[in-house]
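There are 2 protein chains.
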Amino acid sequence: MIVAAIDRRERLEKIVTFAAEEAKMRGVKLHIIHSMHGGSRTSREEVEQAEDMLGEAERLAEKIGAEVETHLLMRGNDPAKDILLFCDEVKAELLVIGVRKRSPAGKLLFGSTAQQVILEAEIPVVCIK
Amino acid sequence: MIVAAIDRRERLEKIVTFAAEEAKMRGVKLHIIHSMHGGSRTSREEVEQAEDMLGEAERLAEKIGAEVETHLLMRGNDPAKDILLFCDEVKAELLVIGVRKRSPAGKLLFGSTAQQVILEAEIPVVCIK
Numbered sequence: 001m002i003v004a005a006i007d008r009r010e011r012l013e014k015i016v017t018f019a020a021e022e023a024k025m026r027g028v029k030l031h032i033i034h035s036m037h038g039g040s041r042t043s044r045e046e047v048e049q050a051e052d053m054l055g056e057a058e059r060l061a062e063k064i065g066a067e068v069e070t071h072l073l074m075r076g077n078d079p080a081k082d083i084l085l086f087c088d089e090v091k092a093e094l095l096v097i098g099v100r101k102r103s104p105a106g107k108l109l110f111g112s113t114a115q116q117v118i119l120e121a122e123i124p125v126v127c128i129k
Numbered sequence: 001m002i003v004a005a006i007d008r009r010e011r012l013e014k015i016v017t018f019a020a021e022e023a024k025m026r027g028v029k030l031h032i033i034h035s036m037h038g039g040s041r042t043s044r045e046e047v048e049q050a051e052d053m054l055g056e057a058e059r060l061a062e063k064i065g066a067e068v069e070t071h072l073l074m075r076g077n078d079p080a081k082d083i084l085l086f087c088d089e090v091k092a093e094l095l096v097i098g099v100r101k102r103s104p105a106g107k108l109l110f111g112s113t114a115q116q117v118i119l120e121a122e123i124p125v126v127c128i129k
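If you read the protein sequences in the order shown, they are chains W and Z. Be aware that the first sequence starts at 1, since it is given in full-length UniProt numbering, and climbs by one per residue. Be aware that the second sequence starts at 1, since it is given in full-length UniProt numbering, and climbs by one per residue.
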């Protein structure tokens, strides 16, 4: 299993393309996930946007020829915990994430979710910009 | 081309195994590199240890069935710059590095070379613990 975690549209295509090609090459299934808090901290509009994003990711992965499933995680966890738990649950062999964001001043920063996931994951983590 | 950067023996096997399998699967060459400063800041003993390490890495990659070349970089650069320049030079499509080190107190830390490489590389970077 390969897990790809997508956060926003900006990097979706690069993350999904890499993960889908890798899944196809290895002959394993690709799980595409997006983590939200859920409950009162997540609006209906945010959920609809996330579902659209996952739908777009699914179509792209299918076009590449990967076997794919998408999952909108709303378990009250922070994203790093959601991603790490999900990888354990499906016994993932590889995790693909987006890294690098810009500060309001334009400086390149390392996202804290990405840092935590890279440090704590038991499997190789592919970082996509 | 796939580039694998090795720093010390501890993670060598995991880094080289992942990179060699990936190179074999993609039908591309694997370059294994180790960066040292060189000149008066690098002793003959350190160079010999690095050559031994690269030799070990080469034998492992060949055993897995990858086409492999090793390179001891001594260009006076810091490791992050060496790794990024080398990836450009060979037009690498994927970079494999080790991350995570422990502080003297045992706390998990993100190495600064790894952080810089992940943020600045133009290609996907695979992080191995």
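Hint data in this document are derived by calculation from the structure and do not stem from the laboratory. We put the beta carbon where it would ideally sit given N, CA and C, even for glycine. The reader is advised that the hints may include incorrect statements.
[Claimed, not checked] Below, computed lysine-lysine pairings styled on BS3-like, alpha-carbon distance capped at 25 Å: (1) Z:29 to Z:107; (2) Z:107 to W:81; (3) Z:63 to W:129; (4) Z:29 to W:129; (5) Z:107 to Z:129; (6) W:107 to W:29; (7) W:24 to W:63; (8) Z:24 to Z:14; (9) W:81 to Z:91; (10) Z:107 to W:24; (11) Z:129 to W:29; (12) Z:14 to Z:29; (13) W:129 to W:81; (14) W:24 to Z:24; (15) Z:29 to W:91; (16) Z:107 to W:29.
[Stated by the list, open to error] Some chain Z residues flagged as far from chain W (calculated, every beta-carbon gap over 10 Å): (17) 25; (18) 40; (19) 47; (20) 49; (21) 56; (22) 71; (23) 74; (24) 81; (25) 89; (26) 115; (27) 122.
[Claimed, not checked] With the Cβ distance kept under 7 Å, some of the chain Z side facing chain W (calculated, not the full set): (28) 18; (29) 85; (30) 86; (31) 90; (32) 99; (33) 100; (34) 108; (35) 119; (36) 125; (37) 127.
So, going through the hints one by one against the coordinates:
1. Z:29 to Z:107: With a Cα-Cα distance of about 36 Å, the restraint between residue 29 of chain Z and residue 107 of chain Z is violated, given a limit of 25 Å.
2. Z:107 to W:81: holds, 19 Å
3. Z:63 to W:129: violated, 32 Å
4. Z:29 to W:129: holds, 23 Å
5. Z:107 to Z:129: Given that 25 Å is the threshold and the Cα spacing comes to 14 Å, the pair holds.
6. W:107 to W:29: violated, 36 Å
7. W:24 to W:63: holds, 11 Å
8. Z:24 to Z:14: Roughly 15 Å separates the two Cα atoms, so the pair holds.
9. W:81 to Z:91: It is violated: about 35 Å lies between the C-alpha atoms, which goes past 25 Å.
10. Z:107 to W:24: violated, 37 Å
11. Z:129 to W:29: holds, 23 Å
12. Z:14 to Z:29: Holds: residue 14 of chain Z and residue 29 of chain Z sit about 18 Å apart, inside 25 Å.
13. W:129 to W:81: holds, 21 Å
14. W:24 to Z:24: holds, 15 Å
15. Z:29 to W:91: violated, 29 Å
16. Z:107 to W:29: Since the Cα atoms of residue 107 of chain Z and residue 29 of chain W sit roughly 35 Å apart, the hinted pair is violated (cutoff 25 Å).
17. 25: Residue 25 of chain Z not clear of chain W: closest Cβ-Cβ about 6 Å, inside 10 Å.
18. 40: Non-interface label on residue 40 of chain Z holds, nearest chain W Cβ at 33 Å vs cutoff 10 Å.
19. 47: Its Cβ never comes within 10 Å of chain W, the nearest being 29 Å, so this holds.
20. 49: Residue 49 of chain Z is indeed farther than 10 Å from all Cβ atoms of chain W, at 26 Å.
21. 56: Since the minimum Cβ distance to chain W is about 20 Å, residue 56 of chain Z lies beyond 10 Å and the statement holds.
22. 71: holds, 22 Å
23. 74: Consistent with the label, residue 74 of chain Z stays out of reach of chain W, its closest Cβ about 27 Å off (over 10 Å).
24. 81: The assertion about residue 81 of chain Z holds, with a minimum of 16 Å to chain W.
25. 89: Consistent with the label, residue 89 of chain Z stays out of reach of chain W, its closest Cβ about 20 Å off (over 10 Å).
26. 115: violated, 6 Å
27. 122: violated, 8 Å
28. 18: holds, 6 Å
29. 85: Nearest chain W Cβ about 18 Å off; hint violated.
30. 86: For residue 86 of chain Z, the interface hint is violated, since the closest Cβ of chain W sits about 18 Å away, which is over 7 Å.
31. 90: violated, 19 Å
32. 99: At 6 Å from the nearest chain W Cβ, residue 99 of chain Z passes the 7 Å test, so the hint holds.
33. 100: OK, holds: residue 100 of chain Z within 7 Å of chain W, min 6 Å.
34. 108: Hint on residue 108 of chain Z: holds, closest Cβ of chain W at ~5 Å, below 7 Å.
35. 119: Cβ of residue 119 of chain Z sits 5 Å from chain W, so the hint holds.
36. 125: This interface hint holds because 5 Å falls under the 7 Å limit.
37. 127: Interface hint status for residue 127 of chain Z: holds (5 Å vs cutoff 7 Å).
The structure fails hints 1, 3, 6, 9, 10, 15, 16, 17, 26, 27, 29, 30 and 31 (numbered hints given earlier, in ascending order).
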